[in-house]
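Student: Could you build the full structure based on these sequences and the hints that come with them?
Protein chains in written order, with the numbering used here: chain A, 1 to 663; chain B, 664 to 1326.
Keep in mind the hints are simulated off the structure, nothing from the lab.
This one's a predicted model, so the numbers in the text were calculated from it and none came from an experiment.
C-beta atoms are modelled at their ideal positions from N, C-alpha and C, and glycine is treated no differently.
It cannot be assumed that every hint is accurate.
What the hints assert, rightly or not - Pulled a few chain B residues facing chain A out of the computed Cβ check, cut under 8 angstroms: (1) Leu781; (2) Gly914; (3) Asn916; (4) Asp1015; (5) Trp1023.
Chain by chain, the residues run as shown.
2 protein chains.
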Amino acid sequence: MTRSRHRVVIENVYPEIDGGRFPVKRTVGQSVEVKADIHTDGHDMIAAFLMYREEGSSAWSETPMIPKGNDRWAGTFRVTAVGRAVYTLHAWIARFLTWQRDLGKKMEAGQEISVDLLVGALLAEDASKRAKGPDRRKLLAFARSIRPGEGRTVPECATAAVDEALGELADRYPDRSLATGYGRELQVVVDPQRARFSAWYELFPRSASREPGRHGTFKDVAERLPQVASMGFDVLYLPPIHPIGRTNRKGRNNATVAGRDDVGSPWAIGAAEGGHKSVHPQLGTLEEFEELVRSARDRGIETAMDIAFQCAPDHPYVKEHPEWFRMRPDGTVQYAENPPKKYEDIIPFDFDTPHWLELWEELKSIVLFWAGRGVRIFRVDNPHTKPFAFWEWLIAEVKREHPDAIFLAEAFTRPKVMYRLAKAGFTQSYTYFSWRNTKPELEAYFRELTQTEVREFFRPNLWPNTPDILTEQLQYGGRPVFMARLVLAATLGASYGIYGPPFELCEHAATAPGKEEYLDSEKYQIRTWDTDRPDSLREFISLVNRIRRESPPLQADDNLRFHEVDNDQLIAYSKAAEDRSGTILVVVNLDPRHTQSGWVELPLGEFGLDPAAPFQGHDLLSGARFLWQGRRFYVELDPFVVPAHIIRLRRRVRTEKDFDYFM
Amino acid sequence: MTRSRHRVVIENVYPEIDGGRFPVKRTVGQSVEVKADIHTDGHDMIAAFLMYREEGSSAWSETPMIPKGNDRWAGTFRVTAVGRAVYTLHAWIARFLTWQRDLGKKMEAGQEISVDLLVGALLAEDASKRAKGPDRRKLLAFARSIRPGEGRTVPECATAAVDEALGELADRYPDRSLATGYGRELQVVVDPQRARFSAWYELFPRSASREPGRHGTFKDVAERLPQVASMGFDVLYLPPIHPIGRTNRKGRNNATVAGRDDVGSPWAIGAAEGGHKSVHPQLGTLEEFEELVRSARDRGIETAMDIAFQCAPDHPYVKEHPEWFRMRPDGTVQYAENPPKKYEDIIPFDFDTPHWLELWEELKSIVLFWAGRGVRIFRVDNPHTKPFAFWEWLIAEVKREHPDAIFLAEAFTRPKVMYRLAKAGFTQSYTYFSWRNTKPELEAYFRELTQTEVREFFRPNLWPNTPDILTEQLQYGGRPVFMARLVLAATLGASYGIYGPPFELCEHAATAPGKEEYLDSEKYQIRTWDTDRPDSLREFISLVNRIRRESPPLQADDNLRFHEVDNDQLIAYSKAAEDRSGTILVVVNLDPRHTQSGWVELPLGEFGLDPAAPFQGHDLLSGARFLWQGRRFYVELDPFVVPAHIIRLRRRVRTEKDFDYFM
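Tutor: Encoded structure:
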């Protein structure tokens, strides 16, 4: 049993993921509020400090922790550079402050204190010996001023002794050998802002051509950029752009046999033309891809690349590295299966291979290859079918060279697996949002994501649809559902995305009842889209994205709060700015068929609003302004007009014309 | 970044106190249910095992973990020897079971499986190579039986292949280099049963004489033993038995100046006659004390000794080791204070002394001295005024030699401090029970103690009164409050205690209104008690303790459940046996002045009772039997008769006369 004379205890630190095994996540400029139980035996007072530094730096900064009651302390620091930051805590007995407190009590009780003053003078002298420069001089003078004698009376010394600032100064120079360090350095991954706040637009490059039947190219995609930018998206996500396998190629609508002209699934990667580091010849050249990445960036759009670590049977790897795949006793390579389903056009890597180290290195080299071509965002296909340890290593390795890299995990699987992938390093994660439709479902799920420890490591990215997911709601609910799901995704989540153009064109035909597969899915064929159709949701989407950009509260997740509405078809929630400078209130009608109305109840005090004064709600979707007073107000939403309000709350200042922008 | 090919993840293990920093607590014969999130990438099945051993042993036992849904697994082991046990987990991909599951699905879908059978045969062969003896032979035969050919048809092999027991056997011999160990060995402190289930009786030996005015002795205490035993107590706790200081001795009722005959506070330890290893001469000799310990043990009673690490000014330590105390600049020794309060008869040790190592060793030698004289239970006075690290070391050191030692922490302080002391090693702890009077207070506090992680390390010991605590309730509530508080203490807690004879004699006079100090407290003077008074609660206490001994459910804490009653003055709760073999239901009237009645609502299903069948409630206090049916039943309690029911629930079998003892 080790003996220690450190009397202060630091425990129950938050945030701390799995005992410090995993980092928490922040974006540049955000703060980290650290809480801990800090206490000691007896009645002594404590000084506690939060220490932090950038990972590469050896110089710690520190900021005081403040007691919040019941031995809970809190302190905050801000992360300022992309990369990693580190924090820890230390604390010690505040001997001088303790002495000051006790002296005060004795003075109040009229007790004799001359010996106590001598004790305090010695404590201050001790502290001065550990201080340097001006602090040392200040403490020496302080010690002298509280020692009775040489013309100083006891009352004079007592008055000098209770100076709080000097007491705190004395306790900044404790006997460090008695100070308790927390013992663990906890990590923060600091990402660029886009990791927190992003609007994604997914499109199939091969469908980007405007001429029906012609295979789209990177140049066609570049021509789509103004439209994507005008809709307000800042990430353009392209499904795999590599050569597509021919062996066992899937036909239209996932037919097991492909026709002569069928283009195959882009996720069946690799053919004679090359593999994961090559570009599909019909899309263009590597240089044209790099040109697309650059011109997107010029418009404020980052290109997200699909990382699907799997091979078509004719991927060069299969011949060159058969040791990376599982062989069957009949000499064939094991294709992907989830019995009884078979995916004969896909061959998974065998992560149990004895040659795993070479395999890992090669897969890392793929990501670095594209990072070298300017890509900074990677949407990872099915990460949950590869080992967690592999991702933890790969993401850390890539971020060592490109700390601004962003990885989105496309794992639609069991909750603990999804959370573990996020802990292992994924910057953002797909969610169950697509299938959460009712008010209780949405509230329970988003409380879990935003009001538990999950929020420290799991950044949701909400998708109403994807090429794999055409939900029943979207199939049968019509335009009102597309609008409502867009508003929910764009306001419940700081990051969200749509798969377009099917989304804005309200494409809703599925392969069969009960299936979530798009009919004539772009996964297996080229489609031509008339994005200028008058019934497109383009304008509505542009408006919602503009509201997001102009509303800082919508650019965070952890500020989400749900509110009571006396109608189960109406969901209401708000997001307040970190500095409490403003609040956005969202109300959505979840019923795509009927106008719904109800009373929303708001905690006005929490919003900084006076329940006794009128305030204005400005609906940023309709432009309408409402004048309200009191904590309950009435809403009515017709799904065939706009099924949602996105309301900026304003405080009235003097007259009805004179409103203070509440944000 | 370390690379690892272990694909299975083990996380969120319960119980695990502060990341394994502290042990959990059990008593001999109890079980430890361990839960963990265990999962892996992809769709593979998992085999997981809980491993455990006694700390001294190098041989692990293991028991399978069972999946409970949502990737949560659970397994249980039993601790069988006083001391420490250790547990950890390991898990791996169950390749064979995965293969069996997939084979089953393929067979159902009518797919061709001959190559799959070959795969399975190879897997079984692989496993056989890692097995030994009969298991090896079984697996080899199994491998042969599922390989088509040599006269075996595919359907025959398929039938053989899905044998679940053989599948499990194969997965007991995995490639261990791919198995995930949890990485931490978690500890269990295993105490004797008395650590969990005990009834304490505190008395002042110097008041044990039956002749008014004569200083009691160990022999007088020995004569009291039959009475204590007949009341059903199994721990006799004596305040300090050491020589009492004379300098600054306190007089009756805590007077600052003692009279010539005043005996002083036993907690002012040490005088010319000796210190912490000596016996107060007026109580008897060390040998007589040892004789008392032995004769108590003969009656099933353990003697608990008071450990108060502090000194009277004339304690020999003060002269011999001035370096263990804090000196004031005027050359005096710093006495105890909590400004503006002063305790001039007490001098605390200075745990910040540079000579702390010598001090720690000396204090340890005190406990070992008494352990050497047969004492196994130590009630530690004010442990929260000494460093946590000191207790952690001292208790571990003592338990290394005396693993059956029990330490009760008398810390009435802030919750996190109390919990930290328990984590640091205290076997049992005083609680806030004394001041929890209303139903919401009692329910909230006991839910915290028994239904959160606290229950893994903090064992409550409930005291309605102590020499320091005569609560307002006891002062003004009369006999009904004494009875109600006794029942609450004895049934809410598996361990409880009373300070007698004042408790059973319903002594209720305080020094002043608003004070919790007994008038003419035994802390400062000798008292003579007529324990044979007809109004003594002795018989009632005997009955309650007998019920406790005969009712296994009352001998645990973590089985406590509260139940709804439609009257705030009635509190209802139950404790079920670990094996669900029986249930005790308690209802207490918290109002000492009025009969209260109400309807209690029971979750009959949880009790194993049929809501449609009548069942019997047998009130073990009154002997009354009630025949009930349905989940609600009526109770009425007159505080002037008995303010409580302690009901054993029985299930009816056939006729009204034919009840099955439900426990």
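Student: Decide, hint by hint, whether the structure agrees.
Tutor: For each hint, the structure was consulted:
no., hint, result
1, Leu781, "holds, 4 angstroms"
2, Gly914, "violated, 21 angstroms"
3, Asn916, "violated, 21 angstroms"
4, Asp1015, "holds, 7 angstroms"
5, Trp1023, "holds, 7 angstroms"
Hints 2, 3, counting from the list given before, are not met by this structure.
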